[in-house]
Amino acid sequence: MKNSLFLTLLLPTVCASAQTVSSPNGTLQAHLSMSPEGCPMYCITLDQDTVIQPSALGMKTSIGDFTKGLKMLKSSDKTAVSGTYTLPNAKKHDFAFEAVEQTFTYANEEGKEVWDITFHIDNQNVAFRYKVYPQRDRVACLVEEESTAYTMPLGTTTFLCPQMTPQTGFARTAPSYETYYEYDGEMGKNGHGRVFTFPALFKVNAPQETKKGTIDGNIWVMLCETNVGGNYCASRIENVGDNQYHLTYPEMTEFGGVGTSAPGIMLPDYIPWRTITVGRTMAPIAETSIMWDLVEPQYAASQEYKYGKSTWSWIIRMDDSCNYDEQKEYIDFASEMGWEYLLIDAWWDRNIGYEKIEELSKYAQSKGVGLFLWYNSNGYWNDAPQGPRGKLHRLMDRRREMAWLQKAGIKGLKIDFIGGDKQQCMQMYEDILFDANEFGLMVIFHGCTLPRGWERMYPNFAAAEAVRASENLSFGQNDNDLEAKAGTMHPVLRNAVANMDFGGSALNKRYSKGNDRGTYRRTSDVYALATAVLFQSPIQNFALAPNNLTDAPAWAVD
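In this text, residue positions in the sequence shown follow the working numbering: the first is 98, and each later residue adds one.
Hints were generated in silico from the structure; no laboratory data involved.
Pairs of lysine-lysine residues, derived as DSS-like cross-links and limited to a Cα-Cα distance of at most 25 Å, are as follows:
(1) Lys425 with Lys464
(2) Lys168 with Lys157
(3) Lys504 with Lys425
(4) Lys300 with Lys286
Assemble the whole structure, with the sequences as input and the hints as a guide.
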(Lines of atoms letter the chains of each structure in order from A and count residues from 1; the text may use other names and numbers.)
(Lines give C-alpha, C1' and ligand atoms only; values in the text may rest on other atoms or scores of the structure.)
Protein backbone atom coordinates (compact mmCIF):
# COMPACT_ATOMS: atom_id res chain seq x y z
CA MET A 1 0.00 0.00 0.00
CA LYS A 2 2.85 2.43 0.75
CA ASN A 3 3.60 3.21 -2.91
CA SER A 4 0.04 4.35 -3.56
CA LEU A 5 0.04 6.28 -0.29
CA PHE A 6 3.17 8.14 -1.36
CA LEU A 7 1.28 9.68 -4.26
CA THR A 8 -1.30 11.14 -1.92
CA LEU A 9 1.33 12.64 0.36
CA LEU A 10 2.60 14.65 -2.61
CA LEU A 11 -0.79 16.10 -3.49
CA PRO A 12 -1.54 19.82 -3.15
CA THR A 13 -3.73 20.93 -0.27
CA VAL A 14 -6.14 23.11 -2.26
CA CYS A 15 -8.84 22.09 -4.72
CA ALA A 16 -7.87 22.78 -8.32
CA SER A 17 -10.33 20.86 -10.45
CA ALA A 18 -10.70 19.94 -14.07
CA GLN A 19 -14.23 18.68 -13.46
CA THR A 20 -16.80 19.66 -10.83
CA VAL A 21 -20.04 17.98 -9.77
CA SER A 22 -22.38 20.09 -7.64
CA SER A 23 -25.34 19.32 -5.41
CA PRO A 24 -28.79 20.46 -6.56
CA ASN A 25 -28.48 23.68 -4.52
CA GLY A 26 -24.86 24.20 -5.61
CA THR A 27 -23.34 24.38 -2.11
CA LEU A 28 -21.72 20.92 -1.92
CA GLN A 29 -19.21 20.09 -4.63
CA ALA A 30 -16.82 17.33 -5.69
CA HIS A 31 -13.84 18.43 -7.77
CA LEU A 32 -11.81 15.99 -9.88
CA SER A 33 -8.23 16.47 -11.05
CA MET A 34 -5.08 14.48 -11.94
CA SER A 35 -1.67 14.41 -10.30
CA PRO A 36 1.45 14.64 -12.49
CA GLU A 37 1.87 10.87 -12.03
CA GLY A 38 -1.53 10.21 -13.59
CA CYS A 39 -3.27 9.54 -10.27
CA PRO A 40 -6.96 10.54 -10.29
CA MET A 41 -7.89 12.78 -7.36
CA TYR A 42 -10.95 14.35 -5.84
CA CYS A 43 -11.67 16.96 -3.20
CA ILE A 44 -14.86 18.15 -1.50
CA THR A 45 -15.99 21.70 -0.73
CA LEU A 46 -18.99 23.13 1.12
CA ASP A 47 -19.75 26.75 0.28
CA GLN A 48 -16.18 26.93 -1.08
CA ASP A 49 -14.72 25.74 2.24
CA THR A 50 -12.52 22.70 1.69
CA VAL A 51 -13.67 19.77 3.82
CA ILE A 52 -11.62 17.06 2.09
CA GLN A 53 -8.39 18.10 0.41
CA PRO A 54 -7.17 16.51 -2.85
CA SER A 55 -7.15 12.77 -2.25
CA ALA A 56 -6.29 9.76 -4.35
CA LEU A 57 -8.70 7.46 -6.18
CA GLY A 58 -8.09 4.06 -7.73
CA MET A 59 -7.29 0.48 -6.83
CA LYS A 60 -4.74 -2.29 -7.28
CA THR A 61 -6.14 -5.58 -8.51
CA SER A 62 -4.95 -9.02 -9.47
CA ILE A 63 -5.19 -7.95 -13.13
CA GLY A 64 -3.44 -4.59 -12.88
CA ASP A 65 -2.43 -1.52 -10.92
CA PHE A 66 -5.10 1.10 -11.60
CA THR A 67 -3.81 3.83 -9.28
CA LYS A 68 -1.46 5.80 -11.56
CA GLY A 69 -0.47 6.27 -15.17
CA LEU A 70 -4.11 6.95 -15.98
CA LYS A 71 -5.98 9.59 -17.93
CA MET A 72 -9.60 10.67 -18.00
CA LEU A 73 -11.12 9.15 -21.13
CA LYS A 74 -14.60 10.64 -21.03
CA SER A 75 -17.38 11.89 -18.78
CA SER A 76 -21.13 11.50 -18.92
CA ASP A 77 -23.62 14.31 -18.83
CA LYS A 78 -24.78 15.46 -15.41
CA THR A 79 -28.06 13.78 -14.57
CA ALA A 80 -30.70 14.75 -12.01
CA VAL A 81 -31.86 11.70 -10.07
CA SER A 82 -34.59 11.39 -7.46
CA GLY A 83 -36.53 8.73 -5.64
CA THR A 84 -38.99 7.93 -2.89
CA TYR A 85 -39.37 4.80 -0.78
CA THR A 86 -40.71 3.61 2.54
CA LEU A 87 -39.00 1.58 5.25
CA PRO A 88 -40.90 0.07 8.18
CA ASN A 89 -37.64 -0.78 9.98
CA ALA A 90 -35.61 2.46 9.86
CA LYS A 91 -35.41 5.80 11.66
CA LYS A 92 -38.35 7.19 9.72
CA HIS A 93 -40.97 5.70 7.42
CA ASP A 94 -41.01 7.85 4.29
CA PHE A 95 -37.87 8.82 2.41
CA ALA A 96 -37.22 11.07 -0.57
CA PHE A 97 -34.03 12.27 -2.21
CA GLU A 98 -32.89 14.50 -5.05
CA ALA A 99 -29.33 14.40 -6.32
CA VAL A 100 -27.01 14.94 -9.25
CA GLU A 101 -24.97 12.11 -10.76
CA GLN A 102 -22.07 12.11 -13.19
CA THR A 103 -19.73 9.31 -14.29
CA PHE A 104 -16.07 9.67 -15.28
CA THR A 105 -14.14 6.98 -17.16
CA TYR A 106 -10.38 6.50 -16.73
CA ALA A 107 -8.07 4.67 -19.11
CA ASN A 108 -4.53 3.32 -18.97
CA GLU A 109 -1.63 4.47 -21.11
CA GLU A 110 -2.85 2.23 -23.93
CA GLY A 111 -6.20 4.00 -23.94
CA LYS A 112 -8.01 0.97 -22.50
CA GLU A 113 -10.73 1.86 -20.00
CA VAL A 114 -9.96 0.43 -16.56
CA TRP A 115 -12.58 1.94 -14.27
CA ASP A 116 -15.43 4.41 -14.00
CA ILE A 117 -16.27 6.47 -10.98
CA THR A 118 -19.82 7.74 -10.47
CA PHE A 119 -20.48 10.65 -8.13
CA HIS A 120 -23.90 11.02 -6.52
CA ILE A 121 -24.31 14.36 -4.73
CA ASP A 122 -27.30 15.71 -2.83
CA ASN A 123 -27.40 18.77 -0.61
CA GLN A 124 -25.88 16.92 2.37
CA ASN A 125 -23.99 13.93 0.97
CA VAL A 126 -21.33 13.00 -1.54
CA ALA A 127 -21.18 9.36 -2.58
CA PHE A 128 -19.02 7.67 -5.16
CA ARG A 129 -18.40 4.17 -6.45
CA TYR A 130 -16.12 2.49 -8.94
CA LYS A 131 -17.01 0.21 -11.82
CA VAL A 132 -14.08 -2.02 -12.77
CA TYR A 133 -13.68 -3.26 -16.36
CA PRO A 134 -12.23 -6.50 -17.79
CA GLN A 135 -8.67 -6.42 -19.08
CA ARG A 136 -7.95 -8.53 -22.16
CA ASP A 137 -9.26 -12.03 -21.35
CA ARG A 138 -9.58 -11.42 -17.58
CA VAL A 139 -13.25 -11.22 -16.57
CA ALA A 140 -12.78 -11.59 -12.79
CA CYS A 141 -10.31 -10.20 -10.29
CA LEU A 142 -9.37 -9.69 -6.68
CA VAL A 143 -9.29 -6.08 -5.52
CA GLU A 144 -6.10 -6.19 -3.49
CA GLU A 145 -6.28 -2.64 -2.15
CA GLU A 146 -7.85 0.73 -2.81
CA SER A 147 -5.95 3.97 -2.92
CA THR A 148 -9.18 5.77 -2.01
CA ALA A 149 -8.09 8.44 0.46
CA TYR A 150 -9.59 11.10 2.71
CA THR A 151 -7.17 13.99 3.29
CA MET A 152 -8.52 16.21 6.04
CA PRO A 153 -7.60 19.88 6.51
CA LEU A 154 -4.98 20.54 9.17
CA GLY A 155 -6.49 21.32 12.55
CA THR A 156 -9.33 18.84 12.07
CA THR A 157 -10.25 16.80 15.15
CA THR A 158 -11.66 13.31 15.13
CA PHE A 159 -14.44 11.21 16.65
CA LEU A 160 -13.28 7.72 15.76
CA CYS A 161 -13.83 4.18 16.99
CA PRO A 162 -10.73 1.92 17.02
CA GLN A 163 -11.10 -1.43 15.31
CA MET A 164 -10.58 -4.36 17.66
CA THR A 165 -7.62 -6.67 17.13
CA PRO A 166 -8.78 -9.85 15.34
CA GLN A 167 -8.95 -13.07 17.36
CA THR A 168 -8.85 -11.22 20.70
CA GLY A 169 -11.51 -10.42 23.28
CA PHE A 170 -13.97 -12.96 24.59
CA ALA A 171 -13.22 -16.41 23.11
CA ARG A 172 -11.42 -14.88 20.11
CA THR A 173 -14.64 -13.28 18.85
CA ALA A 174 -13.20 -9.86 17.89
CA PRO A 175 -13.52 -7.68 15.91
CA SER A 176 -17.07 -6.72 16.79
CA TYR A 177 -17.21 -2.89 16.71
CA GLU A 178 -17.51 -2.70 20.51
CA THR A 179 -14.95 -0.09 21.53
CA TYR A 180 -15.54 3.49 22.62
CA TYR A 181 -15.27 6.49 20.33
CA GLU A 182 -12.56 8.99 21.16
CA TYR A 183 -13.83 12.57 21.45
CA ASP A 184 -12.05 15.45 19.70
CA GLY A 185 -8.97 13.34 19.09
CA GLU A 186 -5.93 14.48 17.19
CA MET A 187 -5.14 13.27 13.71
CA GLY A 188 -1.94 11.39 12.99
CA LYS A 189 -2.51 8.18 14.90
CA ASN A 190 -4.49 4.96 14.81
CA GLY A 191 -6.67 3.62 17.58
CA HIS A 192 -4.92 0.95 19.62
CA GLY A 193 -2.28 1.17 16.90
CA ARG A 194 -4.84 -0.13 14.41
CA VAL A 195 -7.51 1.05 11.98
CA PHE A 196 -10.82 2.79 12.68
CA THR A 197 -14.30 1.47 12.01
CA PHE A 198 -17.11 3.14 10.07
CA PRO A 199 -18.84 5.46 10.65
CA ALA A 200 -16.02 7.95 11.18
CA LEU A 201 -16.66 11.56 12.18
CA PHE A 202 -14.39 14.59 11.72
CA LYS A 203 -14.75 18.20 12.88
CA VAL A 204 -13.14 20.59 10.41
CA ASN A 205 -12.27 24.06 11.69
CA ALA A 206 -13.56 26.31 8.90
CA PRO A 207 -13.41 30.09 9.56
CA GLN A 208 -16.54 31.85 8.32
CA GLU A 209 -16.84 35.39 6.99
CA THR A 210 -19.72 37.33 8.58
CA LYS A 211 -20.76 40.97 8.74
CA LYS A 212 -18.77 41.19 11.98
CA GLY A 213 -15.64 39.68 10.45
CA THR A 214 -14.06 36.25 10.44
CA ILE A 215 -15.30 33.82 13.10
CA ASP A 216 -14.40 30.26 13.94
CA GLY A 217 -16.78 27.65 12.60
CA ASN A 218 -17.03 23.90 12.37
CA ILE A 219 -17.96 21.62 9.51
CA TRP A 220 -18.86 18.05 10.42
CA VAL A 221 -17.80 15.31 8.01
CA MET A 222 -18.95 11.71 8.42
CA LEU A 223 -17.38 8.92 6.37
CA CYS A 224 -19.09 5.60 5.77
CA GLU A 225 -20.03 3.14 3.01
CA THR A 226 -23.17 1.40 1.81
CA ASN A 227 -24.44 -1.43 -0.41
CA VAL A 228 -22.08 -3.94 1.18
CA GLY A 229 -23.42 -7.47 1.20
CA GLY A 230 -22.10 -10.75 -0.11
CA ASN A 231 -20.80 -8.85 -3.13
CA TYR A 232 -17.77 -7.41 -1.30
CA CYS A 233 -15.95 -7.03 1.99
CA ALA A 234 -16.60 -4.32 4.56
CA SER A 235 -13.93 -1.62 4.79
CA ARG A 236 -12.45 0.72 7.38
CA ILE A 237 -10.03 3.67 7.42
CA GLU A 238 -6.39 3.84 8.47
CA ASN A 239 -4.30 6.87 9.34
CA VAL A 240 -1.10 6.81 7.31
CA GLY A 241 0.45 9.96 8.75
CA ASP A 242 -0.66 13.42 9.81
CA ASN A 243 -3.98 14.23 8.11
CA GLN A 244 -3.99 11.29 5.70
CA TYR A 245 -6.60 8.54 5.97
CA HIS A 246 -6.96 5.67 3.54
CA LEU A 247 -9.64 3.10 2.97
CA THR A 248 -8.40 -0.36 3.85
CA TYR A 249 -9.68 -3.93 3.86
CA PRO A 250 -10.03 -6.64 6.56
CA GLU A 251 -7.06 -8.42 8.09
CA MET A 252 -6.26 -12.02 7.20
CA THR A 253 -6.67 -13.21 10.80
CA GLU A 254 -10.31 -12.12 10.99
CA PHE A 255 -13.07 -14.76 10.89
CA GLY A 256 -10.68 -17.34 12.28
CA GLY A 257 -8.35 -16.87 9.31
CA VAL A 258 -11.00 -18.26 6.95
CA GLY A 259 -11.26 -16.55 3.56
CA THR A 260 -9.33 -13.73 1.94
CA SER A 261 -8.91 -10.10 2.87
CA ALA A 262 -9.12 -9.12 -0.82
CA PRO A 263 -12.68 -9.21 -2.20
CA GLY A 264 -13.36 -10.84 -5.54
CA ILE A 265 -15.63 -9.47 -8.24
CA MET A 266 -16.82 -10.48 -11.68
CA LEU A 267 -16.10 -7.96 -14.42
CA PRO A 268 -17.46 -5.52 -15.20
CA ASP A 269 -18.81 -4.90 -11.72
CA TYR A 270 -19.25 -2.25 -9.08
CA ILE A 271 -17.45 -1.65 -5.79
CA PRO A 272 -19.69 -0.45 -2.90
CA TRP A 273 -20.57 3.21 -2.50
CA ARG A 274 -18.25 5.35 -0.35
CA THR A 275 -20.28 8.05 1.43
CA ILE A 276 -19.37 11.45 2.85
CA THR A 277 -21.99 13.39 4.83
CA VAL A 278 -21.29 17.08 5.43
CA GLY A 279 -22.94 19.79 7.54
CA ARG A 280 -22.25 22.92 9.58
CA THR A 281 -24.39 21.42 12.35
CA MET A 282 -24.99 17.82 13.44
CA ALA A 283 -28.44 17.80 11.81
CA PRO A 284 -27.31 16.55 8.37
CA ILE A 285 -25.31 13.80 10.12
CA ALA A 286 -28.24 12.60 12.24
CA GLU A 287 -30.77 12.93 9.42
CA THR A 288 -28.83 11.40 6.53
CA SER A 289 -30.53 8.71 4.46
CA ILE A 290 -27.69 8.17 1.99
CA MET A 291 -27.20 4.62 3.31
CA TRP A 292 -30.58 3.61 1.89
CA ASP A 293 -30.97 6.05 -1.02
CA LEU A 294 -28.29 4.17 -2.96
CA VAL A 295 -29.41 0.57 -2.47
CA GLU A 296 -32.27 -1.64 -3.62
CA PRO A 297 -34.06 -4.55 -1.90
CA GLN A 298 -32.22 -7.79 -2.61
CA TYR A 299 -35.39 -9.88 -2.24
CA ALA A 300 -39.07 -9.39 -1.46
CA ALA A 301 -40.34 -9.74 2.08
CA SER A 302 -42.04 -13.11 2.54
CA GLN A 303 -44.58 -11.44 4.82
CA GLU A 304 -45.30 -8.15 6.57
CA TYR A 305 -42.91 -8.10 9.51
CA LYS A 306 -44.24 -6.65 12.73
CA TYR A 307 -41.77 -4.65 14.80
CA GLY A 308 -42.17 -3.53 18.38
CA LYS A 309 -41.00 -3.53 21.98
CA SER A 310 -39.25 -6.38 23.73
CA THR A 311 -37.27 -7.35 26.81
CA TRP A 312 -35.02 -10.18 27.95
CA SER A 313 -33.79 -11.57 31.23
CA TRP A 314 -30.09 -11.96 30.48
CA ILE A 315 -29.08 -8.29 30.81
CA ILE A 316 -30.14 -8.24 34.50
CA ARG A 317 -30.12 -11.90 35.56
CA MET A 318 -27.44 -13.30 33.19
CA ASP A 319 -26.99 -16.94 32.07
CA ASP A 320 -28.70 -18.59 35.04
CA SER A 321 -31.99 -16.93 34.17
CA CYS A 322 -32.30 -18.83 30.92
CA ASN A 323 -34.60 -21.47 32.37
CA TYR A 324 -38.22 -22.38 31.81
CA ASP A 325 -39.70 -20.77 34.92
CA GLU A 326 -37.96 -17.43 34.65
CA GLN A 327 -38.68 -17.14 30.94
CA LYS A 328 -42.35 -17.77 31.68
CA GLU A 329 -42.16 -15.02 34.30
CA TYR A 330 -40.72 -12.68 31.68
CA ILE A 331 -43.45 -13.61 29.20
CA ASP A 332 -46.00 -12.52 31.80
CA PHE A 333 -44.03 -9.33 32.38
CA ALA A 334 -43.89 -8.50 28.65
CA SER A 335 -47.61 -9.14 28.38
CA GLU A 336 -48.38 -6.91 31.35
CA MET A 337 -46.29 -4.12 29.81
CA GLY A 338 -48.10 -4.53 26.49
CA TRP A 339 -44.89 -5.44 24.66
CA GLU A 340 -44.79 -7.55 21.54
CA TYR A 341 -41.68 -9.69 22.09
CA LEU A 342 -39.39 -11.51 24.49
CA LEU A 343 -35.83 -12.57 23.65
CA ILE A 344 -34.62 -15.84 25.20
CA ASP A 345 -30.84 -15.62 25.29
CA ALA A 346 -27.89 -18.06 25.30
CA TRP A 347 -28.00 -21.63 26.60
CA TRP A 348 -31.73 -22.10 26.04
CA ASP A 349 -30.95 -25.31 24.14
CA ARG A 350 -29.24 -26.75 27.24
CA ASN A 351 -31.34 -25.26 30.04
CA ILE A 352 -34.79 -25.38 28.46
CA GLY A 353 -34.60 -27.64 25.43
CA TYR A 354 -36.37 -27.66 22.10
CA GLU A 355 -39.61 -29.29 23.29
CA LYS A 356 -40.04 -26.92 26.21
CA ILE A 357 -39.26 -23.94 23.95
CA GLU A 358 -42.20 -25.01 21.80
CA GLU A 359 -44.32 -25.06 24.94
CA LEU A 360 -43.09 -21.60 25.96
CA SER A 361 -43.80 -20.28 22.46
CA LYS A 362 -47.42 -21.48 22.64
CA TYR A 363 -47.80 -19.91 26.08
CA ALA A 364 -46.28 -16.64 24.86
CA GLN A 365 -48.61 -16.53 21.87
CA SER A 366 -51.57 -16.99 24.18
CA LYS A 367 -50.38 -13.87 26.02
CA GLY A 368 -49.86 -11.86 22.82
CA VAL A 369 -46.06 -12.14 22.97
CA GLY A 370 -43.73 -13.45 20.26
CA LEU A 371 -40.34 -15.05 20.96
CA PHE A 372 -36.87 -14.31 19.61
CA LEU A 373 -34.18 -16.95 20.24
CA TRP A 374 -30.41 -16.38 20.61
CA TYR A 375 -27.95 -18.35 18.46
CA ASN A 376 -24.18 -18.66 18.32
CA SER A 377 -23.14 -18.09 14.71
CA ASN A 378 -19.99 -20.11 15.15
CA GLY A 379 -18.97 -23.14 13.24
CA TYR A 380 -15.19 -22.95 13.56
CA TRP A 381 -13.94 -19.32 13.69
CA ASN A 382 -13.84 -18.67 17.45
CA ASP A 383 -14.13 -20.43 20.79
CA ALA A 384 -17.44 -19.05 22.09
CA PRO A 385 -19.03 -22.03 23.86
CA GLN A 386 -22.58 -20.77 24.28
CA GLY A 387 -25.31 -22.77 22.62
CA PRO A 388 -27.01 -23.33 20.35
CA ARG A 389 -23.89 -23.46 18.18
CA GLY A 390 -23.11 -25.22 14.94
CA LYS A 391 -26.67 -24.62 13.71
CA LEU A 392 -26.33 -21.74 11.25
CA HIS A 393 -23.03 -21.86 9.39
CA ARG A 394 -23.95 -24.70 7.01
CA LEU A 395 -26.86 -24.40 4.60
CA MET A 396 -28.45 -27.79 5.38
CA ASP A 397 -28.25 -27.33 9.15
CA ARG A 398 -29.46 -23.75 8.96
CA ARG A 399 -32.54 -24.51 6.88
CA ARG A 400 -33.49 -27.46 9.10
CA GLU A 401 -33.19 -25.22 12.16
CA MET A 402 -35.20 -22.42 10.58
CA ALA A 403 -37.93 -24.85 9.55
CA TRP A 404 -38.23 -25.86 13.21
CA LEU A 405 -38.27 -22.21 14.30
CA GLN A 406 -41.12 -21.49 11.90
CA LYS A 407 -43.04 -24.56 13.07
CA ALA A 408 -42.57 -23.51 16.72
CA GLY A 409 -43.97 -20.04 16.00
CA ILE A 410 -40.70 -18.23 16.74
CA LYS A 411 -40.61 -14.69 15.32
CA GLY A 412 -36.89 -13.99 15.03
CA LEU A 413 -33.27 -14.75 15.84
CA LYS A 414 -30.52 -12.91 17.64
CA ILE A 415 -27.24 -14.19 16.15
CA ASP A 416 -23.92 -13.55 17.91
CA PHE A 417 -20.13 -13.82 17.43
CA ILE A 418 -19.44 -13.52 13.68
CA GLY A 419 -16.24 -11.50 14.16
CA GLY A 420 -14.96 -10.23 10.83
CA ASP A 421 -15.48 -8.07 7.75
CA LYS A 422 -14.19 -10.35 4.99
CA GLN A 423 -16.29 -11.02 1.93
CA GLN A 424 -16.94 -14.51 3.28
CA CYS A 425 -18.44 -12.94 6.44
CA MET A 426 -20.65 -10.65 4.39
CA GLN A 427 -21.83 -13.64 2.38
CA MET A 428 -22.75 -15.39 5.61
CA TYR A 429 -24.80 -12.43 6.83
CA GLU A 430 -26.59 -12.26 3.51
CA ASP A 431 -27.24 -16.01 3.32
CA ILE A 432 -28.67 -16.08 6.86
CA LEU A 433 -30.96 -13.15 6.13
CA PHE A 434 -32.15 -14.64 2.83
CA ASP A 435 -32.95 -18.01 4.36
CA ALA A 436 -34.56 -16.45 7.44
CA ASN A 437 -36.90 -14.45 5.25
CA GLU A 438 -38.09 -17.63 3.54
CA PHE A 439 -39.12 -18.95 6.95
CA GLY A 440 -40.68 -15.66 8.08
CA LEU A 441 -37.98 -14.81 10.62
CA MET A 442 -36.57 -11.42 11.57
CA VAL A 443 -32.86 -11.18 12.43
CA ILE A 444 -30.82 -9.19 14.96
CA PHE A 445 -27.02 -9.52 14.87
CA HIS A 446 -24.66 -9.12 17.84
CA GLY A 447 -20.88 -9.33 18.06
CA CYS A 448 -21.01 -8.18 14.47
CA THR A 449 -20.13 -5.71 11.78
CA LEU A 450 -21.87 -2.41 11.05
CA PRO A 451 -24.91 -2.80 8.75
CA ARG A 452 -24.33 -0.96 5.50
CA GLY A 453 -27.69 -0.27 3.84
CA TRP A 454 -29.23 -3.49 5.17
CA GLU A 455 -32.52 -2.00 6.38
CA ARG A 456 -33.54 -1.56 2.73
CA MET A 457 -31.48 -4.37 1.19
CA TYR A 458 -32.89 -7.10 3.46
CA PRO A 459 -36.52 -6.53 4.53
CA ASN A 460 -36.36 -8.95 7.49
CA PHE A 461 -33.22 -7.32 8.93
CA ALA A 462 -34.16 -5.74 12.26
CA ALA A 463 -30.99 -4.43 13.89
CA ALA A 464 -27.38 -5.01 14.84
CA GLU A 465 -25.28 -4.27 17.88
CA ALA A 466 -21.97 -2.96 16.44
CA VAL A 467 -21.56 -0.66 19.46
CA ARG A 468 -20.33 -0.96 23.02
CA ALA A 469 -23.77 -1.87 24.23
CA SER A 470 -25.65 -2.56 27.46
CA GLU A 471 -24.05 -5.94 28.25
CA ASN A 472 -20.94 -4.03 29.34
CA LEU A 473 -23.01 -2.15 31.92
CA SER A 474 -23.51 -5.47 33.67
CA PHE A 475 -19.88 -6.55 33.24
CA GLY A 476 -18.04 -3.53 34.65
CA GLN A 477 -18.52 -0.34 36.63
CA ASN A 478 -16.38 1.75 34.29
CA ASP A 479 -18.95 1.38 31.52
CA ASN A 480 -21.65 2.64 33.88
CA ASP A 481 -19.51 5.63 34.77
CA LEU A 482 -19.13 6.43 31.05
CA GLU A 483 -22.67 5.55 29.98
CA ALA A 484 -24.12 9.04 29.65
CA LYS A 485 -21.10 10.51 27.87
CA ALA A 486 -20.91 7.60 25.43
CA GLY A 487 -24.65 7.87 24.83
CA THR A 488 -24.29 11.38 23.41
CA MET A 489 -22.53 9.97 20.34
CA HIS A 490 -24.89 7.20 19.32
CA PRO A 491 -27.83 9.20 17.86
CA VAL A 492 -25.55 11.37 15.74
CA LEU A 493 -22.98 8.81 14.63
CA ARG A 494 -23.40 5.05 15.02
CA ASN A 495 -27.22 5.15 15.00
CA ALA A 496 -27.26 7.73 12.20
CA VAL A 497 -26.24 5.14 9.62
CA ALA A 498 -27.97 1.94 10.83
CA ASN A 499 -30.37 0.46 13.36
CA MET A 500 -28.68 -0.15 16.71
CA ASP A 501 -29.64 -2.87 19.19
CA PHE A 502 -28.26 -1.31 22.37
CA GLY A 503 -30.58 -3.03 24.85
CA GLY A 504 -30.71 -0.20 27.37
CA SER A 505 -33.30 1.78 29.32
CA ALA A 506 -32.67 -0.10 32.57
CA LEU A 507 -34.69 0.98 35.62
CA ASN A 508 -32.82 -1.25 38.05
CA LYS A 509 -30.43 0.70 40.25
CA ARG A 510 -28.03 -2.26 40.09
CA TYR A 511 -27.50 -4.94 37.48
CA SER A 512 -28.70 -7.99 39.40
CA LYS A 513 -31.83 -10.05 39.92
CA GLY A 514 -32.42 -8.68 43.40
CA ASN A 515 -31.51 -5.12 42.41
CA ASP A 516 -29.17 -5.20 45.43
CA ARG A 517 -25.74 -6.21 44.07
CA GLY A 518 -23.62 -5.92 40.94
CA THR A 519 -22.65 -2.76 39.11
CA TYR A 520 -24.34 0.56 39.85
CA ARG A 521 -26.33 2.46 37.22
CA ARG A 522 -25.16 6.10 37.23
CA THR A 523 -27.78 7.52 34.86
CA SER A 524 -31.22 8.80 35.83
CA ASP A 525 -34.59 7.25 35.10
CA VAL A 526 -35.24 10.17 32.74
CA TYR A 527 -32.08 9.22 30.81
CA ALA A 528 -33.32 5.61 30.64
CA LEU A 529 -36.61 6.72 29.10
CA ALA A 530 -34.95 9.18 26.72
CA THR A 531 -32.67 6.53 25.25
CA ALA A 532 -35.74 4.43 24.45
CA VAL A 533 -36.37 7.03 21.74
CA LEU A 534 -32.87 8.32 20.99
CA PHE A 535 -31.42 4.84 20.43
CA GLN A 536 -33.38 3.72 17.40
CA SER A 537 -34.23 0.13 16.54
CA PRO A 538 -37.44 -1.40 15.19
CA ILE A 539 -37.15 -4.12 17.85
CA GLN A 540 -36.32 -2.36 21.12
CA ASN A 541 -34.95 -4.81 23.69
CA PHE A 542 -35.43 -2.91 26.95
CA ALA A 543 -33.33 -3.84 29.99
CA LEU A 544 -36.35 -3.84 32.29
CA ALA A 545 -37.25 -6.63 34.69
CA PRO A 546 -40.42 -7.86 36.43
CA ASN A 547 -39.26 -6.36 39.74
CA ASN A 548 -39.48 -2.90 38.15
CA LEU A 549 -43.27 -3.13 38.44
CA THR A 550 -42.83 -2.56 42.18
CA ASP A 551 -39.35 -1.09 42.77
CA ALA A 552 -39.18 1.53 39.97
CA PRO A 553 -41.10 4.82 40.02
CA ALA A 554 -44.65 4.30 38.77
CA TRP A 555 -44.35 7.25 36.37
CA ALA A 556 -41.30 5.64 34.74
CA VAL A 557 -43.04 2.28 34.30
CA ASP A 558 -46.11 4.04 32.92
